[in-house]
Every structure is written in structure tokens, then in C-alpha cells.
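Assembly of the complex is requested from the two constituent chains, each provided in isolation within its own frame, with the hints serving as guidance.
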Amino acid sequence: MTLNYDDVVTRYDPVIGLETHVELGTASKMFCGCSTEFGAPANTHTCPVCLGLPGALPVANASAIEYTIRIGLALNCSIASWCRFARKNYFYPDMPKNFQTSQYDEPLCVEGYLDVDVQGNTYRVGIERVHLEEDTGKNTHVGGATGRIHGAEYSLVDYNRAGIPLVEIVTKPVEGTGELAPEVAKAYVTELRDILRTLGVSDVRMEQGSLRCDVNTSLSLAGSGVWGTRTETKNVNSLRSVERAVRSEMLRQAEILDAGGRIKQETRHFQETTGTTRSGRSKEEATDYRYFPEPDLVPLAPAPEWVAEIRGSLPELPAARRTRLQAELGLSTEDLQQMVNAGVVEAVASTVEAGAAAGEARNWWMGYLAQLANARDIEAPALPITPVQVARLIALVSDGTLSTALARQAVDGVLETGADVDEVIATRGLAMVSDTSALTDAADAAIAANPDVAEKVRGGKVAAVGALVGAVMKATRGQADAAAVRTILLERLSVSE
Amino acid sequence: MSDDRPTLTRHEVAHLANLARLAVTEAELDLFAGQLDVILGAVARIGDVAAADIPPTSHAVPLTNVLRPDEVRPSLPRDEVLAAAPSVEDYRFRVPRILGEEE
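Chains Y and F are the protein sequences, given in the same order.
The numbering used here applies: residue 1 is where the first sequence begins, and numbers increase by one.
The numbering used here applies: residue 498 is where the second sequence begins, and numbers increase by one.
Here are the computed distance ranges between Cβ atoms for each label pair:
no. : chain 1 : residue 1 : chain 2 : residue 2 : range
1   : Y       : Phe-38    : F       : Val-521   : 40 to 46 Å
2   : F       : Pro-552   : Y       : Arg-11    : 51 to 57 Å
3   : F       : Arg-575   : Y       : Arg-240   : 36 to 42 Å
Hint data in this document are derived by calculation from the structure and do not stem from the laboratory.
Beta carbons are placed, not taken as given, at the ideal position from N, Cα and C, and that holds for glycine.
For reference, chain F alone in the conformation it holds in the complex (with noise of 0.2 Å):
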């Protein structure tokens, strides 16, 4: 199993970088790289033991259709939610303007 695991490139590991909007340099990306696909090839290592009668899961518990209740419960109050906010403005958080991205 372990000549075919997955490897991750350098180029991979740039442009997960980018979508994560981490500033990583050139030297990074060499270490990072090597790194990952360390911790790759460990995680894959599962797929050794799993056996065929064993299902892929994306849950530890065996559970389905945990559901609430349609009703409204009591929201925090409003001071105390701003107060976590960097900056406000007008009861709202105001945030640095938008590049790249017309609405």
C-alpha cells in the first residue's frame, strides 16, 4: 500500500497555502512540503489495516438525524457580540474593504 499513497508537490502545497491566505516564502514551501507529505504518508497508512468489510467513514459515531426543534431561542445580546468585533460601526462589524471580489 505504501508505494501508492498519495504524494503532495510543492506546487500543491503553494497553492493550498493561497487558498488558507498564508504568507508562506520559497524556503517554506521546500520544508512545508516535505513535511506534509511525511504526515500523509502516516495517515495513509490506515488504508493498510482497513480491511475490505470496513466502510469508509466521515463520522466517529454511528449516529444520524440529530435534529432540533423549529424554535427561536433567546440570541446573545448585541453588546456583547460587538464586543468581540475589531472594529463597529453603525451596530455592525465593519470590515476592511473587499479586493478581488464584486458582490
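In isolation and in its complexed conformation, chain Y is listed as follows (with noise of 0.2 Å):
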């Protein structure tokens, strides 16, 4: 890319539009009662109803449909009085049925928004709908050199995906972002993220696949107020990579436009090792999926009394947790706003419910544990240390059991074993030394093996007996307080401050 991301934010206003689509966590599937387990052998979750086969039924999951109803709630949505589901044909080996079991035009949940902060500003993204449909089958491409679909000899299909319950999320067109949309659209995946993962609905691991994202994008004339054609980009599967792909999507689009030419209406896929985008399918024929109403499935009506049920079951959302938090850790907008991208709130909260100081908390999961997260690319909560653990630790520093340094190399032995703190501290023998005499011989030897020194702290040179402090605190492997190995050394000199 040649072009200056701030040039193009200057000539052009980015229009942007995200599709999610977020697997429910039901024990059994949409329309039958196969299990939904996550890496189970494959074709072993499969029945009649999700194979397709002639004259089998399927019946709604009520689960499915509550799950639905409230995530349209968390969304601020209306939720349809009355729906029904559709059937949307075509032919591809993912779906054994030749036909997906979908909503088209009488989607469960319309009309809501969601609020997302971005530096400092917050921007309200509009929910066009919230459907409900059923998963397909996982294709395994087999031969070609990627793994990809093109060049590939033949496919392998495993249904056992095929019929787990399906939610798809579809935001209006976000205007007016500028040149935060590469953040503004990675804040609303994150932010549903979190509310769906709050309502107990999904377990949105994106790397699983059980929440997937699709990016639209669109470059129009700054000021003009005239959409460009927009494309759709796929494959986009981290919270980073939303980021990345609007941000490559809006630099490639811009290029082409400033030469003249114009953007095809296309599926782009985006790809994680370049950060750019590559051509899929062309969208100029618009795809006729000849939807008709699912005759095998009677409407939905929800009554009223039920989701008014739902709505007053709906847990404290994470806007609301992040308000109360806040001002109960006693902490800046500033403050929140970082932890809220560093992913930590939920843990410094954690951290703090079992015992901890909020400042302390604050720093640990900010702090050392963010750079070992980043080391290895995730989100800190995702480390293999729990916030019971850190408050323990945090704890232990506190009443002088550790130094910091003994504290952080208290953690690596927790990620490295998997083991508990006091174990890792026992075992790998990490608590300070307080036992005077150690601390005594230790200055003692300390003061024979560097004579030198000794002698300019007796003659008055106070500051040189830093030096000795660092043999002592060397022997005893930074397990020792440093200040009281500095008292026991120079009453050991008889010097005095």
C-alpha cells in the first residue's frame, strides 16, 4: 500500500456495516436433539432432522429461541410478536438439506442499537435485526497446496455442526466514524462479545469459530454524503483482525477510487498473514436464494408475559458493570477506557472481590501480566492464572512474604506448572529470607569477599555500601528485603547514617 491511511480519512468518509453470526451455547441442536459438544468424532451428532432425510421433523429448540429473544433485549431490539422461519435454498455440500432453515423477512428481534466507547467518544451503531438460524456442516478441503477451496481435488464434509443454533446479528450502515472506523467497528464486536459471553448465551470463542464476523465497507466522497459500493469481507476472525480488515478494506478501496476506477460490489476474504484482503466471489449477479416460508415449522409468536420474563431476567450488562465498577474502584474514565482495551476489567473486578486493593489489582493485570499476555498474543484474562491467584499474590507482597520481583517470578511458575501460588512458592523456594542470622552470615561474607568496599563504608563512604547490599541480595537470589540487608551490613560495619 502506497497511500497514507490519515490522507485517505481526509478525502474520504468511511461507511461501515458488520454481520455477526454467533453460535448459541444450547445443549442440543436447532431443530433436533443432537448434541452441540465442540471436537466431538465427526458425523457422530447427526439424526434424521439435520441429515435432511425424507419425512424426518424438526421441532424448535424453546432454549434457542429464548436466547434469541435476549440477546435482542441486550440489544435494546423490538422483538416480534409474531415470526416465522424460512427456508433459504441452495446447493453446496455444507448443508445435506440443499436448504438452510433461516428467518428472511420476519426476523425475531428489529430495530436496537448498541453504544460503543472510542476514545473518549461514544458512537450509537444501529441493529437492523436479530435472527435465528441453523449452523452448517464443516468442509475439509483435500488436496491443492492451502487447504483452500480452490485447486482442491474433493471435499470432506462432517455434519456434526450442521443444525446447531444459529444467531445473526446485522448492524445498519455506522457513518460518521471517520477515521476511528477501523476501531469503532472492533469495539462493537468486542462490546457483543462481551454482552453475549454476559448472557450466558454463547461461549464466543472466535477462535472456535462460535462467533464470526463479516465486515462491510464503503468509501464515499468526503462530504458528499454519497455511499460507495461496498464489499463484504469474510474469514475475519479475531477482534484484531475486524480492525485490520476495515483498515486494509478502506486503503485498497481508496487507491482504486483515486485512480479512477471504480469498487466491485464483491465477497472479499481476509487473510491473516498479509492483513489485506483477497477477491472471492463476484456479487453482480445477486444471489437468488428463493426463500419461502418453512412449512415444516409452525409460526413463533412469544407472548408478551414471556419476554417481559426475559427482560427481567436479563443479568447487569457490561456497560452498566463497567459504570458501577468505576465508581467503586474509585477509578478515572482514562483508567477504565484502558482496561476496558486491555480486556481486564472483569478480572481486575475479580481480583478485587477476593481480596485485593483495586490499585494493586489494577496494576498486576495492567501490568505484568498484560506484557506476558502480549508476548503471546492474547488477552491477559486469557493467561493461565486465575484472579483468586493474583489477589493471593498480591496478598503475599503486602504482609512482605515476597518482593514484587519474587511475586512476578511466582507467576511465571504458575503458568509455566499450572500449579497453585503457595505451591510454586514452596517448590520453588521463592518466599524472602527473613531469618536474620542467614541474612548476618550472608553480610558477613559479603563484607570478607570485598574488602575494598568495606573499608570506604567504614571511612565514611556510606552511599559505596549499595555494592555489598548487591552481593548479599545476589547470594540469596533476590529473596531477601533489601533495605533490612542494608541495616544488618552497616551495623555489621559499625557505621552509622
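What follows is the structure in C-alpha cells.
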């Protein structure tokens, strides 16, 4: 890319839209009793209904309907008082029925919004619809170099995933974000993920495909108000990729428009390795899915009382929780925003709940743990250490059992071994040496080994004692309290300050 | 009513045949366009008898909310499932390569 991003956003206004697919965390599939367990041996979770065998009849999963209504309510949507499922007809081996049961012109939830905060501004992302459908089977392409469909000799299909309840959440076009479009897109998916997790409707694991995102991007000439042709980018499988996909698509489109070209309406594929998009299927010929109302499933008509009951049972949502935690933990808005960006709000709150001071909890999750997480390209809460363990470390530092350096070593030990904090401290001998006689022996040894330094200190150069403190600390592998060591050394040298 | 009933063109029949992955000859297009037109016309006559107080409906039974509890039930034995596949490899359905689509 030869174009400069800052330059692009002065000449073009981006318009973005997001379609997010969420696999619901029900125990059974959408229209049959097959298990939804992830990672089961291929084709062990299928039955006549999800295989589309003749005569099999689907029956909708009540929990999937309830979860979808929960999502709709959390996204400030209206819940339809009456709606139907529809058949989306297409030939593709990922669905043995040759159609996908979905919703078309009558989605279960419509007209909502989600507010997201980016760099101190709040952006309201309109929600067009939330509808319920079923997931498709998983294709593995065999032959060809990259496992891609292109160049493959044949494909293998596992129908375990076919029929798992899938919710599609579609935003309205989002305008007015300017240069922050990539960040707003990422913040939206992040907030949505946190809401879905809080609602307990999905495990929202992007890496396992239970949360998947398609990103629509178009550019309009700055100030013109006329939207450009949009592209749809698929295969965006991490929060960071959402941001990268929007940015790279903005740059690509700007380059074409600058050269007087026109944008082709098409599906593009995000490539993790390059951070750019690659052309996929052209959408110039609109796909004709011949939707029609599903005759085997009767209409849904959620009773207002049921919807009210679900509304009453919604948990505290992330935005409200953040506001409350900010007050309770005494955080500045900036601190909170940093914690949100790092994904550590819940971890800090849990650490405080486990007895740690808010400032200490924040420092650990935003400091050493964040560093370790960055090195592994994950968010800190994904590290194999719990808030309770972090709270225990903080307590051990504050009561003098550990120095901060030793506590960090203890963290390393927990991450490496999976053992508990106290176990790591015991097996690695990390506790501070507070035994005065042991420290005195170490001090005497340091004095004997460094007679020149000792003489200087005796002669009045008290600052020179630092070298001796260093020697003792080294001898005790950093497990002594440096201030206590200094006091003992000065005593042994009969020097007073 | 029958004067403004929908008609099906030869072009539309060709389009539908393509969507349904049916190979239809030029002669068949003429034949089917005429036949389908007659069938559509017959069905459209229902509109002649439908009074204003009869709303359109997609389902024959006046039921809503037929739901099942979220409970796992046994799936089919895998051997039985794969026995129906024309070709199997690695416990998966083996299908010919997919053309004209990029996943």
C-alpha cells in the first residue's frame, strides 16, 4: 500500500456495517436433539432431522428462542410478536438438505442499537435485525496446496455442526466514524462479545468459530453524502482482524478510487498473514435463494408475558457493570478505558472481590500480566492464572512474604506448571529470607569478599554500601528485603548514618 | 381475476431450471413454460374464491410455538449415517470438488 491512512480519511468518509454470527450455547441442536458439543468425532452428532432425511420433521429448541430474545433485548431491539422461519435454498454440500432453515423477512428481533465508546466518544451502532437460523456442516478441502477450496480435488464433510443454533446480528450502516472506523468496528464486536458472554448464551470463542464476523466497508467522497459501492469481507476471525480488515479495505478502495476506478461489489476474504483482503465471489449477479416460509415449522409468537419475564431476568450488562465498577474501584474514565481496551475489567473486578486493593489489582493486570499476555498475543485474562491467585500474590507482597520481583517469578511458575501460588513458592523456594542470622552470615561473607568496599564504607562513604547490598541480594537470589540487608550491613560495619 | 394472473416466461423457466441445477433443452423450455403457466393459472384461481376476510396463510394448521425442551437425545450410529453416503473418507462424506465458489 502506497497510500497514507491519514490522507485517505481526509478525502473519504468510510461507512461500515457488521454481520456477526453467534453459535448459541444450547445443549442440543436447533431443530433436533443431537448434541452441540465442540470437537466430537466427525459425523457422530447427526440424525434424520439434521441430515435432511425424507420425512424427518424439525421441532424448534425452546432455549434457542429464549436466548435469541435475550440477545435482542440486550441490544435494545423490539421483539416480534409473530414471525416465521424460512427456507434459504442453495446447493452446497455443507447442508445435506439443500436448504438452510433461517429467517428472512420476519426476524425475531428488530430495530435496536448498541453504544460503543472509542477514544472518549460514544458511537451508537444501529441494529437492523437479530435472527435465528442453523449452522452448516464443516467442509475440509483435500488436495491443492493450502487447504483452500481453490485447487482442491475433493472435499470431506462433517455434519456435526449442521443444525447448531446460529444467531445472525446485522448492524445498520455506521456513518460518521471517520478515521476511527476500524476502532469502532473492533469496539462493537468486543462489546457484543462481552454482552453475549454476560448473557450466557454462547461461549463466544472466535478461534473456535462460535463467534464469526463479516465486515462491510465502503467509502464516500468526503462531504458528498453519497455512499460508495461496498464490499463484504469474510473470514475475520479475531478482534484484531476486525480492525485490520476495515483499515486495509479502506486503503485498497481509496487506491482504486484515486486512480479513477470503480469498486466491484464482491465478497472478499481476510488473510491473517498479510492483514489484507483477497477477492472472492463476485456479487454482481444477486444470489437467488428462493426464500419461502418453512412449511414444517409453525410460526413463533412469543407471548408478551414471556418476553417480559426474560427482560426481568437479564443480568447486569457490561456497560452498566463498568459504570458501577468505575465508581466502586475509584477509577478515572481514562483508566477504565485502558482496562476495557486490554480486556481486563472483569479480571480486575474479580481480583478485588478476592480481597485485593483496586490499585494493586489494576497494576498487575495492566502491568506484568499484560506484558506476558502480549508476548503470547492473547488478552491477559486468557493467561492460565486466576484472579484469586493474583489476589493471593498481592496479599503475599503486602505482608512482606514476597517482593514484587519474587511475585513475578511466582506468576511465571504458575503459568509454567499450572500449580497454585503457594505450591510454586514452596517448590521454588521463592519466599523472602527474613531469617536475620542467615542474612547476617550473608552480610559477613559479602564484607569478607569485598574488603575494599567495606573499607570505603567504614571510612564514611556510606553510599558505597550499595555494592555490598547487591552482593547479598545476589547470594540470596533476590529473596531478601534490600532495606533490611542494608541495615544489617551497616551494623556489621559499625557505621551509622 | 384470471385476466391479471401471473404468467411465467420462457426466460424465467430457464432461470429456475438453472437454480435447481436441472439441464433443460430448448424444446423442453417451450414445453415447460406452457405447462407451468397452466399450473400457475389453476392455482391462481384460489384467489378468485378467497374473500377479503380470509387472510393469506403459509400453514394449514392454526398453531404457533411448537417447541421442544433443550435436551440432548441420542444421535444415529455413525456407521448407519455413513452407509447412506456415496463415498466416505476419514468418517466424512466425500463430495466432488466444489466449483465456482470460494469459501
